[in-house]
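Undergrad: One letter stands for each residue in the lines below.
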Amino acid sequence: MSFFEALHIDKNFTGHTALSDVSIHIPEGSIYGLLGPNGAGKTTLIRIINKITAPDKGHLKFMGKNYTRNDLLHIGYLPEERGLYKKMKVGEQALYLSQLKGLTKSDAMKKLKHWFTKFEMIDWWNKKVEELSKGMAQKVQFIITVLHEPKLLIFDEPFSGFDPVNASMLKKEVLELKNKGTTIIFSTHDMASVEELCDHITLIDRSRSILEGKMDDIKAQYKSNSYELEFEGDPESLKKQLKGNFELIDLVPLQEEKSRAKIHLTDSGKGNDLLKLAINGVRVNAFREVLPTMNEIFIQAVNENKTHSKNE
Amino acid sequence: MTILGPLLFAAFMILPVWLTQLEDSGVKTIGIAEFDKDFQPISTDLSKFKNVLQENENLKFDYLNHIEYDGIESLIEHTEYYGILVLYHNLLEQKEGEVELFVRKQPSMGTELYIKQSLENFIYDRNLLKINLSPDEISALKPSIILKTNKYDKGEFKEQKLVDLKRGIGYAAGFLIYFFIFFFGAQVMRGVVEEKTNRIIEVIISSVRPFQLMMGKILGIALVALTQFIAWIILTVGIYQFALSYYITDKMPAQNQEMVSENSMGNSNEISANMGISENGSEIMNIMGLLNTGEYLYMLGIFLFYFIAGYLLYGAMFAAIGSAVDSETDTQQFMLPVTIPLILSIFVMINAITNPEGQLVFWFSLIPFTSPVVMMARIPFQPPLEEVILSMALLIITFLIITWLAAKIYRTGILMYGKKISYRELFKWLRYKD
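Quick note, the sequences are listed as chains F and G, same order.
Quick note: the first sequence, position 225, residue 225 per the numbering used here, numbers continuous.
Quick note: the second sequence, position 256, residue 568 per the numbering used here, numbers continuous.
So here's chain G without its partners, still in its complex pose (with noise of 0.2 Å):
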């Protein structure tokens, strides 16, 4: 899993880029026939709809004077084309019109846009120069707004910067803490179970208390999970940058480009250029750069507490399942009540993306099962500090009690073998003495 697991992360961070290159990798050529409303063609020179449709490294264009309507089953059938284009009489003189696309595999979504997108700019600027406006004042007369919104916080409006990032970075370390209680988790029940099958147990138990032992497992295994992670950042951001270098240096996405340009005029532009990394190397690397150290100090302390805390709560409760079962087979009928919690928080945090300071997202940020991975969400938008205290306080007072009672539980399950256990079982144990 060490190397494994830098080497997944990276992939799903390259692979959309590299597949979506993939897809547009090979040449497409689209014929393009022109019929007047009874399906006869027309014989004009279709090549005028060359500044129409523009040609780029993944589509061409091949204009197909004279051919017959019901021909294009039998080209679409023996040649090349890998879809013909029909357009109608007097499409570029009209505003509106159907034009019809004919294919053997459904094109990408990009194809289809491009297409229509062309056709219909480009009627709208012909329609512009009718009305006598030249191509100058056309392109002068085109919008450009930045909307920039600010928030009321104590007494300021605060600008909002970098809401994407921030986004993206509050969705990372959400998902980054539900993988890890999940993962890790999991492993302490696999131990727990594991120690209890091997009748290991009894032996250690008589030098140690089991609560000993219990915390000892949840602890060594965050330690062991720290460990692993910090060598997976390294390691992630290793091939991620050495990928990245071979493959798509040249390819970034236009729109991040634009976004590093719109705000190197900042103060933040400085720290990219701390950071010493080359213009053309990572860009997230460079617009992670844009926001200030102690946002990120901030984010980054915060992320830490809910990582921790939220493992070792949900990390006493798979405890607590492994010492009430035989065999790993039998963790299932306790695993629902400790997943749906969590699975629940992800849901959450996904809406909180597009809404993060709703009523859902307020509350599932406090109660604890939920908090760690839905916090993450609303922390980039500096949530009020009360509440994030509270949360952390709730978390804490509740990894308490659920440590307290998974003992008590964990207490009496791993010296109690060959019995089917129920809920019923289970909280009979809570009330066990010693």
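This is chain F alone, in the form it adopts within the complex (with noise of 0.2 Å):
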């Protein structure tokens, strides 16, 4: 069963589609990545989640039970465009909107005083926010959106204006949140730190959820059936070995004697018969299986998706 489930949604604006029929299934525990490319409904699902807008079919299953308005007190949501109140002094305004998520203004004070420390921030405190850099009311709003330990987080876009140091922190901070069993949507257009920490997606293009799956799966359903090799010798002798389910597809002179070689089976091609053949011929020093990135995943199913629609 899944931890939360959004079940056959549309939402129409006038004009245009954002949703149409888009089913996704978070597994509890899960950093559940959120991609697509700009435009194609990831932030009208994200605000139908936290229930900003309604959708104009389909339902939200949360825990198993149907989702209602009580249920966003146990939901943290830290929004691409996000800012806080200028004026008002850091700590002042941590404390309010935390309130907001239904924590009591001493508990909040307790957990405040724990994150700011964490963070190295507690002189932060009384300080307005309009003195505060971009990145360190950054880390406000990513304490205030965790504060109330939700039980599911959603972030948009979370890394944007962070520097590396700060940026690697933060995905530290996330992992441990997945670790004390948090189940987190994880929106982002950088698909490195999609490989990196997640492992359920779902791809959102013109309004339909177009793939979605475990990582894993996904990716072995868009391998190529290819491999890598690196080896020593002559490539001419390589070659004589690659017989009818071996194709070379590219071939890469290294250093010295070293090549690296990309090798694609047809049909009934084995990896291992692969590597019997390679080490006759040449001193094998590398193998590998060639896997998509999610970049290339990305391109290829929003490309395919593109002359899919044109064709209909």
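Hints should not be assumed to be uniformly reliable.
[Unchecked claim] Label-pair restraints from in silico Cβ distances:
# : chain 1 : residue 1 : chain 2 : residue 2 : range
1 : F       : 23        : G       : 532       : 52 to 58 Å
2 : G       : 743       : F       : 267       : 53 to 59 Å
3 : G       : 420       : F       : 89        : 54 to 60 Å
4 : G       : 471       : F       : 87        : 54 to 60 Å
5 : F       : 87        : G       : 542       : 57 to 63 Å
6 : F       : 74        : G       : 743       : 29 to 35 Å
[Claimed, not checked] The following residues of chain G were derived to be distant from chain F, with all beta-carbon distances above 12 Å:
#  : residue
7  : 416
8  : 454
9  : 461
10 : 487
11 : 507
12 : 509
13 : 518
14 : 520
15 : 605
16 : 620
17 : 694
18 : 723
[Claimed, not checked] With a Cα cut of at most 20 Å, we get these calculated DMTMM-like pairs of lysine to aspartate or glutamate:
#  : chain 1 : residue 1 : chain 2 : residue 2
19 : F       : 178       : F       : 216
20 : G       : 372       : G       : 357
21 : F       : 87        : G       : 640
22 : F       : 180       : F       : 196
23 : F       : 258       : F       : 289
24 : F       : 219       : F       : 190
25 : F       : 51        : F       : 5
26 : G       : 442       : G       : 432
27 : F       : 178       : F       : 131
28 : G       : 740       : F       : 56
29 : F       : 134       : G       : 506
30 : F       : 214       : F       : 195
31 : F       : 223       : F       : 196
32 : F       : 258       : F       : 232
33 : G       : 731       : F       : 80
34 : G       : 720       : F       : 56
35 : F       : 87        : G       : 506
36 : F       : 128       : G       : 506
37 : F       : 89        : F       : 56
38 : F       : 239       : F       : 228
39 : F       : 89        : G       : 506
40 : G       : 731       : G       : 410
No lab work stands behind these hints: they were computed from the structure.
Don't be surprised by glycine CBs; every beta carbon is placed ideally from N, CA and C.
Two independent chains are provided; combine them into the complex using the hints.
TA: What follows is the structure, given as structure tokens:
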């Protein structure tokens, strides 16, 4: 059973369709990547999950039950376009916003002290937000989002605007939250961090979900059945070995005697067989299956969807 | 603003009095000369005019015997005379005539009037004396009329007292409501624009409903405003009293004093005594004490209702405008439909001061967009209760409808960025379901 489900969601604005029959199933304790090109409908879906807008059709389930407004207390949301009241003091504002999420004042105070100490920003407490740098303000926002220990966290481009040091610190925090059992929806264009963090994804394009599932499964689905081989020796003697099911698609000479080859296996070809053949010709230094990156999958899926919808 | 506001208000009340004082504070000397019809000087003793044109602390007269008509120009240019008053021979013996005043600067209306009236009064009295009336008889002939207006209301006539005071209170109340709506309505709008451009809006509405946020903003600012308002009243009265005790104690316009003495026979005298205001303190405060407490409470109650309901109505509209734009500079195009009825209501209210029971005022005191201001001008004259209730009911109903519509615009608007919003677009938003 999924921890959070959105089933057959439709949402239309006058003139255009934002979401059409989109379903997502988020397993408990996962980091769920919500991917898609700009304008695909991700933000609308996130807003529906936050009950900022209501879907025209479809329904949402949270921990097996109908999703209600009260459940919002268990959600933490860090929007892509995020801000704070500029004239308000950091601490005051953090207290206020966490009380909106149902924390008592003393509880919020205790937790804020903990986080502010952890992020070494306790001196900012009495500063006005306008005195903070962008990165500092982002940290405050992150803390406010996670402070009430929500069961479901929604991060929309959480790392944008961070320097690499702070971004990696934040990634560590996100993984820590996951280890504590928090389920996380993670929307981003940064495919590298998707590879790093996500275990499930859905890809939304042109208001439809065109790809959903475990990241490993999706990678397997998109793999081209090719292998990469690094070897020492004469490339010609390798070529001689490759017959029938094996097709050399790329050969890059490296320094000295070394080269790297990319070999595609047709239908019945097996990795082990390829390795056996290669050993006969050259000295193999490294051998691995080529898996598509999320970046490649993203582009391929979106392009396929484009031609597909054109043909319709 | 907390300190500045009361200072400004007190200044508004004191400044006119102070300015008139300032203007007349310098002693002006006017030379008087007399000529015959051919502009030849007449060599009589001009001090006979001493009784005609009496000197006061601001105006002194100098009697210039034997000056040439042509010499006036150089007198004006080279001497300190404020002006030269030229009389023609036998003026005082005639019924009508012309006098001329030569000046460098336009004199105040008061100075002109003083000269004209002094001459007229003197000639009038002189003429009466000519028909053998003694000065006592003359003053006994001067009429004094008090017009008491009695208004028919529910089967009986009621004497209308203190009409000017009531007009003043109505006007002040209407103006306050107008100011309050504009100032704090704009603050609601700015607040909404700020939340939107700050992008904090999305964080907040993932916790509370947009409607809650909008109403919270409107009510929150109303409470801030009321607090500030009360502080203002206290400070304004304080500063006014303080300034009064320093500057104006002995200078209240005579007219007000008359009003006080005239009415002090009424039962309301004790109220002013109870208020503990010293006799030569604030005369205005004394006059205020002349209305009875019941009237005050009634007016205050009505005032508070229109004050709050009017603000809420406009506050919702201002919030909707704020939500529809990306920055404060874009608010202009939507401000017009909101400001026009407000400004209109001020004009109607001013009209109501001279004609509080006219058709125009009647209708505009029912229209909810103008009634909060316009009704203030009617209330002191006890309009029929059913009309007041009708006006209030209309205002409440309109407030509910407008808030409902504003919430729809607001809900869509706060999440809409980088789009030039037209009125058509706004109407579209009204039709969105959620």
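Undergrad: Give a verdict on every hint.
TA: For each hint, the structure was consulted:
no.: 1; hint: F:23 x G:532: 52 to 58 Å; in the structure: 41 Å, violated
no.: 2; hint: G:743 x F:267: 53 to 59 Å; in the structure: 57 Å, holds
no.: 3; hint: G:420 x F:89: 54 to 60 Å; in the structure: 55 Å, holds
no.: 4; hint: G:471 x F:87: 54 to 60 Å; in the structure: 56 Å, holds
no.: 5; hint: F:87 x G:542: 57 to 63 Å; in the structure: 24 Å, violated
no.: 6; hint: F:74 x G:743: 29 to 35 Å; in the structure: 33 Å, holds
no.: 7; hint: 416; in the structure: 55 Å, holds
no.: 8; hint: 454; in the structure: 67 Å, holds
no.: 9; hint: 461; in the structure: 55 Å, holds
no.: 10; hint: 487; in the structure: 31 Å, holds
no.: 11; hint: 507; in the structure: 8 Å, violated
no.: 12; hint: 509; in the structure: 8 Å, violated
no.: 13; hint: 518; in the structure: 4 Å, violated
no.: 14; hint: 520; in the structure: 6 Å, violated
no.: 15; hint: 605; in the structure: 43 Å, holds
no.: 16; hint: 620; in the structure: 26 Å, holds
no.: 17; hint: 694; in the structure: 47 Å, holds
no.: 18; hint: 723; in the structure: 9 Å, violated
no.: 19; hint: F:178 x F:216; in the structure: 18 Å, holds
no.: 20; hint: G:372 x G:357; in the structure: 17 Å, holds
no.: 21; hint: F:87 x G:640; in the structure: 17 Å, holds
no.: 22; hint: F:180 x F:196; in the structure: 18 Å, holds
no.: 23; hint: F:258 x F:289; in the structure: 19 Å, holds
no.: 24; hint: F:219 x F:190; in the structure: 17 Å, holds
no.: 25; hint: F:51 x F:5; in the structure: 14 Å, holds
no.: 26; hint: G:442 x G:432; in the structure: 15 Å, holds
no.: 27; hint: F:178 x F:131; in the structure: 32 Å, violated
no.: 28; hint: G:740 x F:56; in the structure: 17 Å, holds
no.: 29; hint: F:134 x G:506; in the structure: 18 Å, holds
no.: 30; hint: F:214 x F:195; in the structure: 12 Å, holds
no.: 31; hint: F:223 x F:196; in the structure: 18 Å, holds
no.: 32; hint: F:258 x F:232; in the structure: 4 Å, holds
no.: 33; hint: G:731 x F:80; in the structure: 18 Å, holds
no.: 34; hint: G:720 x F:56; in the structure: 16 Å, holds
no.: 35; hint: F:87 x G:506; in the structure: 11 Å, holds
no.: 36; hint: F:128 x G:506; in the structure: 16 Å, holds
no.: 37; hint: F:89 x F:56; in the structure: 40 Å, violated
no.: 38; hint: F:239 x F:228; in the structure: 14 Å, holds
no.: 39; hint: F:89 x G:506; in the structure: 16 Å, holds
no.: 40; hint: G:731 x G:410; in the structure: 71 Å, violated
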